[in-house]
Amino acid sequence: MISVKNLEKYFGDHHVLKNINYEIKDGEKIVIIGPSGSGKSTFLRCLNLLEVPTSGQIFFDGVEITDPKNDVNKIRQKMNMVFQHFNLYANHTVLSNITLAPMKLKNISKDQAEEEAMNLLKRVGLQDKANAYPSQLSGGQKQRIAIVRSLAMNPEVILFDEPTSALDPEMVGEVLGVMEELSEMGLTMICVTHEMGFANKIADKVIFMDDGSIVEENRPNEIFSNPKSDRLKSFLSKIL
Amino acid sequence: MKTSTRFFSWIMVCFIAVSIVCLSLAGYEARAAEFKTIEPGVLTVGTSTGFPPFEYIGDDGNPDGFDVAFIKEVGKRLGLKVKVQDMEFNALVASVGNKTDVAIAGMTVTDERKQAVDFSDPYYDAVQYVLVRKGSNMRSINDLHGATLAAQLGTTGNLLADDIVKANSQTVLKTYDRFPEAVNDLKAGRVDAIILDKTPAQTFERIYSGEIEAVSGDEFGFEVEKYAVAMPKGSNQLSSAINKAIADLKNDGTYDRIINEYINADGGERSNTIVDQFVSAFITSNRWSMYLNGLLLTMQIAFFAALVGIVIGTLLALMRITKNHKGKNTILSLISGIYIDIIRGTPLVLQLLIMWFIIMKNSKDGVLVAVVAFGLNSAAYVAEIIRAGILAVDSGQMEAGRSMGFTRAQTMRYIVLPQALKNSLPPLCNEFISLLKETAIVGYVALSDLTRVANQISSATYQPFVPLIGAAVIYFVVIKILTLLLGVLERRLRRSDIR
Numbered sequence: 001m002i003s004v005k006n007l008e009k010y011f012g013d014h015h016v017l018k019n020i021n022y023e024i025k026d027g028e029k030i031v032i033i034g035p036s037g038s039g040k041s042t043f044l045r046c047l048n049l050l051e052v053p054t055s056g057q058i059f060f061d062g063v064e065i066t067d068p069k070n071d072v073n074k075i076r077q078k079m080n081m082v083f084q085h086f087n088l089y090a091n092h093t094v095l096s097n098i099t100l101a102p103m104k105l106k107n108i109s110k111d112q113a114e115e116e117a118m119n120l121l122k123r124v125g126l127q128d129k130a131n132a133y134p135s136q137l138s139g140g141q142k143q144r145i146a147i148v149r150s151l152a153m154n155p156e157v158i159l160f161d162e163p164t165s166a167l168d169p170e171m172v173g174e175v176l177g178v179m180e181e182l183s184e185m186g187l188t189m190i191c192v193t194h195e196m197g198f199a200n201k202i203a204d205k206v207i208f209m210d211d212g213s214i215v216e217e218n219r220p221n222e223i224f225s226n227p228k229s230d231r232l233k234s235f236l237s238k239i240l
Numbered sequence: 001m002k003t004s005t006r007f008f009s010w011i012m013v014c015f016i017a018v019s020i021v022c023l024s025l026a027g028y029e030a031r032a033a034e035f036k037t038i039e040p041g042v043l044t045v046g047t048s049t050g051f052p053p054f055e056y057i058g059d060d061g062n063p064d065g066f067d068v069a070f071i072k073e074v075g076k077r078l079g080l081k082v083k084v085q086d087m088e089f090n091a092l093v094a095s096v097g098n099k100t101d102v103a104i105a106g107m108t109v110t111d112e113r114k115q116a117v118d119f120s121d122p123y124y125d126a127v128q129y130v131l132v133r134k135g136s137n138m139r140s141i142n143d144l145h146g147a148t149l150a151a152q153l154g155t156t157g158n159l160l161a162d163d164i165v166k167a168n169s170q171t172v173l174k175t176y177d178r179f180p181e182a183v184n185d186l187k188a189g190r191v192d193a194i195i196l197d198k199t200p201a202q203t204f205e206r207i208y209s210g211e212i213e214a215v216s217g218d219e220f221g222f223e224v225e226k227y228a229v230a231m232p233k234g235s236n237q238l239s240s241a242i243n244k245a246i247a248d249l250k251n252d253g254t255y256d257r258i259i260n261e262y263i264n265a266d267g268g269e270r271s272n273t274i275v276d277q278f279v280s281a282f283i284t285s286n287r288w289s290m291y292l293n294g295l296l297l298t299m300q301i302a303f304f305a306a307l308v309g310i311v312i313g314t315l316l317a318l319m320r321i322t323k324n325h326k327g328k329n330t331i332l333s334l335i336s337g338i339y340i341d342i343i344r345g346t347p348l349v350l351q352l353l354i355m356w357f358i359i360m361k362n363s364k365d366g367v368l369v370a371v372v373a374f375g376l377n378s379a380a381y382v383a384e385i386i387r388a389g390i391l392a393v394d395s396g397q398m399e400a401g402r403s404m405g406f407t408r409a410q411t412m413r414y415i416v417l418p419q420a421l422k423n424s425l426p427p428l429c430n431e432f433i434s435l436l437k438e439t440a441i442v443g444y445v446a447l448s449d450l451t452r453v454a455n456q457i458s459s460a461t462y463q464p465f466v467p468l469i470g471a472a473v474i475y476f477v478v479i480k481i482l483t484l485l486l487g488v489l490e491r492r493l494r495r496s497d498i499r
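For the record, the sequence lines run as chains A and B. If you count by the working numbering, then the first sequence holds residues 1 to 240, one letter each, in order. If you count by the working numbering, then the second sequence holds residues 1 to 499, one letter each, in order.
It is possible that part of the hints are untrue.
For lysine-lysine, the following DSS-like pairs were computed, each having C-alpha atoms within a straight-line distance of at most 30 Å [as the list claims (entries may be wrong)]:
#, chain 1, residue 1, chain 2, residue 2
1, B, 323, A, 18
2, A, 122, A, 69
3, B, 480, A, 104
Computed beta-carbon distance windows for the label pairs [claimed, not checked]:
#, chain 1, residue 1, chain 2, residue 2, range
4, A, 122, B, 426, 38 to 44 Å
5, B, 426, A, 123, 39 to 45 Å
6, A, 228, B, 388, 48 to 54 Å
7, A, 37, B, 392, 27 to 33 Å
8, B, 476, A, 122, 52 to 58 Å
9, A, 69, B, 440, 30 to 36 Å
10, A, 57, B, 388, 37 to 43 Å
11, B, 484, A, 127, 37 to 43 Å
12, A, 110, B, 425, 25 to 31 Å
13, A, 226, B, 330, 51 to 57 Å
14, B, 479, A, 37, 51 to 57 Å
15, B, 392, A, 10, 26 to 32 Å
These are calculated hints, taken from the structure and not from any lab test. Source: prediction; values computed, not measured. Ideal Cβ placement from N, Cα and C applies to all residues, glycine included.
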C-alpha cells in the first residue's frame with residue numbers, strides 16, 4: 001500500500017534521513033521507535049509530504065505522491081495524521097472540528113456529517129463535549145477528539161506522531177485505549193511512540209531507527225526479547 | 001456585538017442621508033453657456049477662506065467675502081451658476097483647470113504664477129502691509145532684516161519675505177496656512193512682523209487694537225500689487241468673457257457696491273470673555289451644525305477608508321506570506337512588500353495630494369479621493385497587522401488542516417485566518433482610531449472635516465482658542481466611545497478562549 005524508495009532528507013546540511021527503503025502492506029500496524037533525533041518523526045511526516053523529501057520516491061496505492069503532478073491533497077484525505085500537540089482547530093467547536101473536512105472536502109451534508117460525528121463521539125465517550133471549544137478540554141480529551149476527527153474522513157491510513165508524549169501520565173491510558181480499539185478495525189496504522197508496552201501489544205512490525213536509518217525491523221516479540229544490533233540493545237536497556 | 005452593529009447602522013444612515021443631499025445639489029441645472037466648464041452650466045471657483053474680508057466663512061457656514069460676492073456677480077454675467085470650493089491657498093493654482101475653472105483668493109499677479117495659469121484683468125489694487133506689535137518701531141526694510149517674519153504660504157507676502165531672507169540670511173521666515181494663527185504668534189512674540197495685504201491687515205489691527213498695528217508697505221518700499229482671477233492657460237474665450245464682466249461691473253456701480261459692503265464696512269467680531277468666545281464659536285449662526293457636519297464627514301471618510309483598508313490589507317497580507325513549493329517568496333509576496341514599503345515610507349499628506357492632483361485628477365468628488373487615499377494607506381498598516389496575526393497562529397493549525405486534505409488556501413480560509421483576525425483585532429482597533437485622527441488633513445482636498453471647520457470658525461471669529469479646543473474635545477469623546485464599543489466587540493470574540 002505504501003512503498004518508500006531511496007528516501008533522503010536534509011535540513012540544510014543536516015542529513016536527517018539516509019536512504020530509507022520500506023514497504024507497508026494494507027492493514028498493517030507499524031510502530032516506529034528510536035532515540036530522539038533519530039529521524040522517526042521526519043520519516044512519518046515525509047509519508048504525507050508535510051516534509052518534502054530531498055530525494056527518493058513514495059508510492060501510495062501505486063500513485064507516486066512525490067511527483068508534483070499528483071494532487072497530494074487527494075491522497076492526504078485517505079492518509080490522515082494525529083499530532084503530538086493535538087492541533088485541534090482552535091476557532092471551531094469539537095463538532096465543527098470533526099465535520100469541517102467531510103463537509104468541505106467530501107460534500108457530505110451538515111446533518112449527515114453531524115450525525116456521524118456524534119456516533120464517533122459516543123464511541124470515545126465525549127458526546128457531551130460536542131459544543132465545547134478545544135481550549136475547554138483536557139489533553140486526553142483533545143487527543144481522542146483528534147483521532148475522531150481523522151476517523152470521520154474514513155481514511156485508509158492514520159499516521160500517529162507521538163500521540164501520547166504531550167499528555168499527563170494519567171491520560172495516556174485513555175488515548176492508548178482508543179488506539180487499541182482502532183487497531184482491531186483493519187485500518188493501516190503507522191505510529192511513532194515511546195510506549196513500548198503498546199507497541200508490543202498492537203504492532204505487526206516494529207521499526208527501530210537511529211541516526212536517520214532503519215537499523216532493525218521485526219515482529220515486536222523479536223525486537224523486544226531478541227534484539228540483534230548493539231544500538232537497539234543499548235536503546236532498550238536505557239528505557240526498559 | 002448588538003450595540004456596535006446598531007452604532008454602525010446609525011453611521012450608515014447618516015452617510016446615506018448626506019450623500020442624498022449632495023446628489024440633489026449636484027443635479028442643479030443652470031442655463032447653458034458658451035464655454036466649456038468642468039461641470040456644464042457651473043463655474044467652479046476655488047478660494048481659500050481665512051483671508052478676510054476677501055474670503056472667509058460667512059454666518060451661514062459657506063464661503064463669503066469680497067472675492068466670493070465679486071465672482072458670483074461675474075458668474076451672473078456669464079450665465080453660469082457659481083460653485084465655490086474652499087481649499088488651502090497653496091493648492092489653488094495647481095487645481096485650476098482640473099478641479100476648478102477659476103480661482104479667486106486675493107491672488108496677486110506674479111511672473112511665477114503666470115507660468116502656471118492665465119490671469120484676468122486686475123480687479124483690485126493692493127499694497128502689502130506689515131503687522132507689528134504695538135510699540136514696535138519697525139518702519140523700514142532694514143528693520144525687517146534679521147527679524148522673524150511671518151506670511152501665509154504661497155502668498156505675495158511670502159514672496160516679499162523670501163526676498164528679505166535672500167538679502168539677509170539672519171532673517172527667519174515662518175509660513176502659515178492661515179493668518180489668525182500668524183496673528184496669534186505675533187501677539188505671543190513668536191514672530192516680529194507679518195507681511196500681508198492691506199485690507200486684512202487693517203481688519204486685524206481693528207480687532208486687536210492696542211495689541212498690534214498695521215504699517216503701510218510704502219514705508220518698507222513694497223510695490224503696489226494687482227489682484228486678478230486665475231484661470232487655465234490658454235482659456236481665451238473664458239478670459240475675454242470674464243474681462244468684459246469685470247469692466248461691466250466697474251461701470252454699472254456693482255463693483256463699488258461690493259467694495260462698500262465688504263471692504264469699507266466694519267468687519268470682525270471680538271469676544272472677550274471665554275463665555276462670549278464659546279457663544280461665538282458654537283452658537284452664533286448655528287455654528288454647532290458646522291462642527292456636526294464636519295464630524296460626520298470625518299467619520300464617513302474614516303469608516304469607508306477602514307473598510308477599504310481591511311479588504312485590501314488582508315489581501316496584501318495573504319500575498320505577503322505566499323511561498324512557492326520550495327519555500328521561497330513568490331512574486332506576489334514581492335509586490336505586496338514593495339507596496340507596503342512605499343506607503344510606509346512616504347507621508348500620508350503627500351499621498352493624499354498625489355491622489356488628488358495626479359492619480360485621480362479628473363475626480364471632482366473629494367470624499368471619494370480621500371477614502372481611496374486613506375484606504376490605500378491604511379491597507380499597508382492593516383497588512384502588517386494581519387500578517388503578524390497570521391504568524392502568531394500556531395503552525396500546527398496549518399499542518400492539521402493540510403494533513404486532513406485541505407489546500408493551503410482552504411486551511412487559511414477556514415482555520416488560520418479567522419484566528420489571525422481575532423489576534424489582530426486590538427491593533428486593528430488602534431489602526432482605526434489613528435485613521436479617524438489622520439483624516440484631519442483632508443482640508444487639503446477642499447473638504448470641510450472637523451479640523452477644517454474648527455480652522456474656518458477660528459478665521460471667522462479671529463480667535464482660535466475655543467474652536468480648536470472644542471474640536472479636540474469632540475475628537476476625544478468620539479474616540480473614547482469607539483474604544484468602549486470596540487472593547488465590547490473584542491470581549492465577545494474572545495469567547496472561544498474562555499477556559
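Here is how each hint holds up against the structure:
1. B:323 with A:18: 27 Å, holds
2. A:122 with A:69: Between residue 122 of chain A and residue 69 of chain A the Cα gap is close to 40 Å, so the pair fails against 30 Å, i.e. violated.
3. B:480 with A:104: 42 Å, violated
4. A:122 with B:426: 38 to 44 Å: About 40 Å separates the Cβ atoms of residue 122 of chain A and residue 426 of chain B, which means 38 to 44 Å holds.
5. B:426 with A:123: 39 to 45 Å: 41 Å, holds
6. A:228 with B:388: 48 to 54 Å: 52 Å, holds
7. A:37 with B:392: 27 to 33 Å: 28 Å, holds
8. B:476 with A:122: 52 to 58 Å: Given a distance of about 57 Å, which is inside 52 to 58 Å, the answer is holds.
9. A:69 with B:440: 30 to 36 Å: 56 Å, violated
10. A:57 with B:388: 37 to 43 Å: 39 Å, holds
11. B:484 with A:127: 37 to 43 Å: 40 Å, holds
12. A:110 with B:425: 25 to 31 Å: The hint (25 to 31 Å, Cβ to Cβ) holds, given that residue 110 of chain A and residue 425 of chain B are roughly 28 Å apart.
13. A:226 with B:330: 51 to 57 Å: Holds: the Cβ-Cβ distance is about 53 Å, inside 51 to 57 Å.
14. B:479 with A:37: 51 to 57 Å: 54 Å, holds
15. B:392 with A:10: 26 to 32 Å: 29 Å, holds
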